[in-house]
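Q: What follows is each chain in one-letter form.
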Amino acid sequence: MSDVVKLDELDRRIVVATQAGLPLVAEPYQQVARALGTTAEEVMQRMQRMLESGIIRRIGAVPNHYTLGFRGNGMTVWDVPDEKVVEYGEKIGALDFVSHAYHRPRFLPEWRYNLFAMVHGTDRDELQHKIDAIAGLLGADNRAHEVLFSTRILKKTGLRLVS
Amino acid sequence: MAMDKIDRAIINNLQGGFPICDHPYAVVAQQLGIDEPELLQRLQRMLERKQLSRFGPMYHAERLGGGLSLCAMRVPESDFERVAEQVNAFPEVAHNYARDHEFSMWFVLGTETPERIEAACREIEQATGYKVYNMPKKQEFFVGLRFEV
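If you read the sequences in order, they're chains D and R. When the first sequence is numbered by our numbering, its final residue is 163 and no position is left out of the sequence of numbers. When the second sequence is numbered by our numbering, its final residue is 149 and no position is left out of the sequence of numbers.
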């Protein structure tokens with residue numbers, strides 16, 4: 001389990017004020033501070049601390065794969081031996097066409113897959129080549145795999161972590 | 001919708017490491033060889049065109065003390081719309097995707113406490129009549145952070 005870092009009231013208000021995005025103005029931290037009735041120095045210091053403790057993973061742009069022309073996006077799921085899932089997860093997570101990879105629980109007998117990787121390509125042909133590359137990397141330890149394409153977005157409000 | 005070289009440079013260079021200082025956009029603009037108003041304008045435009053999903057800090061749900069999980073359901077086509085509506089009505093459901101598989105509905109739950117995840121799963125099962133397969137990550141492998149465009 002990850003460590004939970006204790007946040008005080010002002011930290012939480014900073015999270016609420018910035019979880020949807022940082023203002024696109026010359027002095028964004030100043031603007032957040034003004035809205036919260038504090039100083040830019042205070043906001044910057046606290047965000048720096050949250051960055052260092054891992055509460056903030058990173059600050060930057062989140063590209064949207066779909067609109068950027070990556071038409072072949074698939075959630076690939078793999079059944080690999082449990083004792084090797086970390087080794088393979090790290091290798092697959094490091095591939096430049098994989099945006100994230102996770103070890104998740106199986107639900108036998110209905111769901112046998114324990115390793116998930118989001119794979120992105122410009123089209124489904126390219127995606128298939130990339131999936132073949134992962135299969136090659138796993139060799140005989142790839143006991144089964146599938147690709148689940150998203151056919152529709154049913155909801156996308158995004159995470160609201162603190163309200 | 002076309003992106004030029006500068007848009008691509010912004011996306012490729014700004015997926016992390018945005019500075020915390022008085023004039024952060026000016027600092028980044030200088031690194032990219034453009035001026036601050038142009039950077040702000042381009043970010044604004046890429047957000048409006050949804051080439052960027054968002055711009056700002058990405059928070060770590062679990063370290064904030066909340067719960068986060070990926071859940072799946074096996075919903076037949078004939079019942080899909082009704083179930084989608086019932087699942088989407090839960091405020092804890094952040095995203096929900098239809099996928100071409102027997103496990104046809106995949107949604108992300110984000111809750112204020114870790115305990116609330118299980119409770120929300122049970123409530124969704126009661127509302128819909130379908131089993132919720134709760135698949136929280138056991139470990140995350142997040143090396144490939146950057147995405148080249």
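The hints are simulated quantities; they were obtained by calculation from the structure and are not laboratory data. One thing to keep in mind: the hints can contain errors.
[What the hints assert, rightly or not] Pairwise CB distance ranges, derived in the manner of DEER restraints:
#: 1; chain 1: D; residue 1: 100; chain 2: R; residue 2: 13; range: 41 to 49 Å
#: 2; chain 1: R; residue 1: 50; chain 2: D; residue 2: 8; range: 30 to 38 Å
#: 3; chain 1: R; residue 1: 35; chain 2: D; residue 2: 136; range: 45 to 53 Å
#: 4; chain 1: D; residue 1: 39; chain 2: R; residue 2: 112; range: 24 to 32 Å
#: 5; chain 1: D; residue 1: 35; chain 2: R; residue 2: 50; range: 19 to 27 Å
#: 6; chain 1: D; residue 1: 100; chain 2: R; residue 2: 86; range: 22 to 30 Å
#: 7; chain 1: D; residue 1: 8; chain 2: R; residue 2: 102; range: 29 to 37 Å
#: 8; chain 1: D; residue 1: 34; chain 2: R; residue 2: 102; range: 46 to 54 Å
#: 9; chain 1: R; residue 1: 82; chain 2: D; residue 2: 123; range: 28 to 36 Å
[What the hints assert, rightly or not] Subject to a maximum C-alpha distance of 20 Å in a straight line, what follows is the list of computed PhoX-like cross-link-like pairs (lysine-lysine):
#: 10; chain 1: D; residue 1: 91; chain 2: R; residue 2: 138
#: 11; chain 1: D; residue 1: 91; chain 2: R; residue 2: 131
#: 12; chain 1: R; residue 1: 5; chain 2: R; residue 2: 50
#: 13; chain 1: D; residue 1: 156; chain 2: R; residue 2: 5
#: 14; chain 1: R; residue 1: 138; chain 2: D; residue 2: 84
#: 15; chain 1: R; residue 1: 50; chain 2: D; residue 2: 155
#: 16; chain 1: R; residue 1: 137; chain 2: D; residue 2: 84
No residue lacks a Cβ here, since even glycine has one placed at the ideal position from N, Cα and C.
Q: Checking each numbered hint in turn, tell me which of them this model violates, lowest number first.
A: Failing hints, ascending: 1, 7, 11 and 13.
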